[in-house]
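Chains A and B, in that order, are what the protein sequence lines are.
Quick note on numbering: my numbering labels position 405 of the first sequence as 405, and the sequence is numbered without any gaps.
Quick note on numbering: my numbering labels position 44 of the second sequence as 44, and the sequence is numbered without any gaps.
Derived from the structure by calculation, the hints contain no laboratory data.
Predicted, not measured: the structure shown is a model, and the values here were computed from it.
Backbone N, C-alpha and C fix where the C-beta goes; we use that ideal spot for every residue, glycine too.
Be aware that one or more of the hints could be misleading.
Now the stretches of chain B that chain A is said to cover, found in silico as 3 or more residues with beta-carbon under 8 Å [as the list claims (entries may be wrong)]:
id : region
1  : 42 to 52
2  : 62 to 74
3  : 117 to 130
4  : 134 to 146
5  : 168 to 181
Here are the in silico distance ranges between beta carbons for each label pair [as the list claims (entries may be wrong)]:
id : chain 1 : residue 1 : chain 2 : residue 2 : range
6  : A       : R109      : B       : R75       : 20 to 30 Å
7  : A       : T146      : B       : I47       : 54 to 64 Å
8  : A       : Q36       : B       : I47       : 32 to 42 Å
9  : B       : R66       : A       : V365      : 44 to 54 Å
10 : B       : D112      : A       : A418      : 53 to 63 Å
11 : B       : D70       : A       : R109      : 32 to 42 Å
12 : B       : Q40       : A       : A393      : 55 to 65 Å
One side of the interface only, derived from the structure: several residues of chain A facing chain B at Cβ under 8 Å [said to hold, decoys possible]:
id : residue
13 : Q117
14 : V249
15 : L280
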Amino acid sequence: MTCYNEMFEGDRVREPYARLREWVETMPDDFRQMKQAEAEALFRRIGITFAVYGEGGDPDRLIPFDMMPRVFEQAEWRRLERGIKQRARALNAFLRDVYGRGEIIRAGRIPARLVYQNAAYEKAVVGFVPPRGVYSHIIGIDLVRTAKNEFYVLEDNCRTPSGVSYMLENREIMMRMFPQLFRGNRIEPVDQYPELLRRTLESVAPAKCSERPTCVILTPGHYNSAYYEHSFLANLMGVELVEGQDLFVDGEFCYMRTTTGPRRVDVIYRRIDDLFLDPLCFRPDSMLGVPGLMDVYRSGGVSICSAPGAGVADDKAIYTFVPDMVRFYLGEEPILNNVQTWTLWKDDDYRYVMEHLPELVVKEVHGSGGYGMLVGPKSTKEEVEAFRAKIMANPSNYIAQPTLALSTCPTFVEDGIAPRHVDLRPFCLCGDRIELVPGGLTRVALREGSLVVNSSQGGGVKDTWVLSE
Amino acid sequence: MKLQISHETMYRYGRPIRNLVQSLRLTPSVFEGQKTHAWQIDVSGGIRGPGFRDGAGDWIEGWTVRGPVDQVTVRIYGRIDTRDMAGVLRGHREMIHPLTYLRDTSSTQPDDALRDLAGSVTGHADELDLAHRLSALISDRIAYRPGVTGTGTTAAEALAQGEGVCQDHTHALIAAARLRQLPARYVSGYLHSTVDGQAHDAAHAWAEIRVEGLGWVGFDAANRCCPDDRYVRLGSGLDAADAAPIRGVAMGSGSEELDVSVRVEEMAQ
């Protein structure tokens with residue numbers, strides 16, 4: 001499979017990588033090994049050891065960091081940025097619509113069943129419009145590149161996407177280890193992200209809040225694989241990190257217990273799932289949430305980010321309709337492509353997929369983390385047949401996509417650099433404005449030829465650069 | 001009918017509790033069959049919190065009791081005029097799409113017996129006829145008998161056991177209707193008296209099934225009828241837990257005892 005090499009075009013080095021080539025080629029082997037060890041030690045010291053969203057695996061494992069940055073030039077990034085913001089606007093418009101009048105369904109553009117019978121569609125918030133009509137405040141959009149100006153969205157993460165701490169730490173570590181690189185290249189900063197996130201959260205404070213809003217991050221606790229990120233962001237934003245037991249409802253509002261008495265909370269950036277938010281509304285046995293929180297939320301006493309029910313927009317079945325959302329709500333043509341997707345509960349799709357299994361990627365509808373998936377071209381005949389049996393047992397549990405030729409980036413290997421496949425998760429912020437820091441989390445499949453970038457499957461991370469003009 | 005309702009729920013705690021938070025769905029629905037004249041909710045020692053109408057059209061009210069207290073009483077007193085609408089929920093404002101009520105919960109998860117029962121109705125004239133016949137089947141297959149089932153009994157268990165109370169009839173009917181692709185939901189409320197004129201002294205529950213042309217129609221399989229002017233509708237949900245009139249959580253570790261008294265009386269004209 002031929003794929004886009006982000007550094008080389010034949011023998012020629014692409015413009016954004018010109019300086020990095022020199023840096024790599026003049027780097028002595030022992031220096032590189034020393035720096036790699038230093039990077040690892042730094043990561044261990046700050047304690048950034050966690051799995052990316054839903055990946056599971058050992059939470060204390062270090063995700064390998066590759067020192068070779070991934071680089072976008074300004075024009076490439078601007079186009080990408082427009083595409084990401086466009087998608088974020090459409091996803092929020094969709095959420096506002098399906099919890100309101102459902103115009104897109106009345107217009108026959110999306111089947112009603114897919115929305116209203118979706119497990120992530122939350123009946124309890126129908127008719128309630130959160131401040132500024134924003135439901136998903138932090139959207140992580142997973143992208144892969146197949147050509148210079150061709151990006152495909154693999155999935156949208158509208159609930160509580162994680163990984164942004166890697167974006168920040170990767171940059172921090174690179175700057176500490178290679179300050180000279182940042183003098184010679186004009187690299188757009190990403191360290192404003194925590195400030196922008198805080199501003200975004202404050203901008204969606206409820207109308208009942210009259211002073212500067214008090215924001216908190218609600219974590220399920222230190223057993224959660226992304227706990228490091230929760231405390232990291234709380235620290236950088238200068239807000240409290242709380243667990244359910246630190247919050248309580250009294251009258252019309254939600255309060256946080258502090259050493260100086262109760263303090264009203266206006267905006268909750270929650271990193272726990274809908275089902276655990278409030279035992280009075282969702283799972284009655286949940287100890288992680290805050291009893292009565294949903295009543296306070298639905299009467300406008302507190303904001304919850306992302307809004308409960310936002311998950312219906314990032315469902316794998318709904319995914320296929322996002323380009324239609326862009327056209328329907330924004331009257332624009334989508335800038336970013338969707339990957340063609342066959343849904344195995346449809347007879348025609350099922351037939352096609354079964355006939356072409358060795359060419360396709362097949363995923364579980366509710367799976368994540370690169371588990372339970374088949375990459376046809378990278379699998380043996382036996383593996384394909386074993387997977388076929390799984391599909392036949394429960395077709396509606398699967399979707400299939402063509403195997404994309406993921407772009408490659410130069411990556412440090414035993415003897416120098418070699419191309420390895422990458423993806424990208426940028427983090428789009430939606431409040432009174434839509435903001436995107438120039439960068440994101442680049443994940444890299446460290447095994448030669450591998451297309452699976454998940455850290456649980458041998459993936460690593462890289463710093464992601466956007467060059468300024 | 002002109003009905004007067006008083007409903008008291010008393011919680012007694014083995015050890016004092018603090019920070020009790022409740023979410024109450026205890027206010028009559030607004031539709032052509034009901035006109036509320038007076039309605040009071042009071043939670044002893046409590047602070048009234050947020051009140052709002054949700055997407056299902058139910059009025060929800062939050063209350064908090066800071067405590068510590070060893071006893072809390074939720075008191076409802078109200079007067080309401082009811083009309084016989086032959087079970088049809090006409091003029092009820094709600095925003096939730098009916099297809100949302102095709103979703104099963106753990107209480108309504110069907111088994112083979114429920115599937116057989118739901119599939120056994122054939123030759124029905126229309127959806128309304130189908131709904132009536134499903135309801136009649138549930139009445140036949142589950143005898144009314146208090147004390148043999150609990151709040152956690154599922155539709156499948158109730159059908160297997162062949163007896164139960166209104167919650168069981170309702171869960172079974174909802175499960176059967178959903179199997180036939182009819183949106184169905186659990187309704188909680190009050191009942192003045194049963195058909196034979198006996199006073200009914202507990203909170204009641206029945207099912208609503210969405211049928212073509214009429215919208216939501218109530219079916220009380222426990223009493224083999226559709227709700228009429230003896231019924232007072234409070235709110236709805238996917239199952240009993242979702243439609244519960246009172247949900248609450250308190251901080252405390254002791255035991256909890258519950259006393260409920262409901263009186264639904266016809267007022268002198």
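Okay, the hints, checked on the actual structure:
Beta-carbon proximity to chain A at under 8 Å applies to 6 residues in the region 42 to 52 of chain B; the threshold of 3 is reached and the given coverage holds. With 3 residues carrying a beta carbon less than 8 Å from a beta carbon of chain A, the region 62 to 74 of chain B meets the three-residue requirement, and the given coverage holds. Coverage of the region 117 to 130 of chain B by chain A is violated. Counting CB-CB distances below 8 Å, 0 residues qualify, and the rule asks for three or more. Three residues within the 8 Å Cβ limit are the bar, and the region 134 to 146 of chain B against chain A gives 0, so the coverage statement is violated.
Counting residues of the region 168 to 181 of chain B whose beta carbon lies closer than 8 Å to any beta carbon of chain A gives 0, which falls short of the minimum of three for the stated coverage. Our hint of 20 to 30 Å for R109 of chain A and R75 of chain B is violated, since their Cβ atoms are close to 50 Å apart. Between T146 of chain A and I47 of chain B the C-beta distance comes to about 59 Å, which sits within the given range of 54 to 64 Å. For the pair Q36 of chain A and I47 of chain B, the beta carbons lie near 59 Å from each other, so the given range of 32 to 42 Å is not met.
The given range of 44 to 54 Å is respected by R66 of chain B and V365 of chain A, whose C-beta atoms sit roughly 45 Å from each other. Taking 53 to 63 Å as the suggested C-beta distance range, the pair D112 of chain B and A418 of chain A conforms, at roughly 57 Å. Taken as a hint, the range 32 to 42 Å is violated for the pair D70 of chain B and R109 of chain A, whose Cβ atoms sit roughly 57 Å apart. For Q40 of chain B paired with A393 of chain A, a C-beta distance near 57 Å keeps the hint of 55 to 65 Å intact.
At its closest, the beta carbon of Q117 of chain A sits 6 Å from a beta carbon of chain B; the interface hint therefore holds under the 8 Å criterion. A least Cβ separation of about 5 Å between V249 of chain A and chain B falls short of the 8 Å threshold, and the interface hint therefore holds. Taking 8 Å as the C-beta contact cut-off toward chain B, the hint placing L280 of chain A at the interface holds, the least distance being around 4 Å.
Comparing the model with each earlier hint shows violations of hints 3, 4, 5, 6, 8, 11; every other hint is respected.
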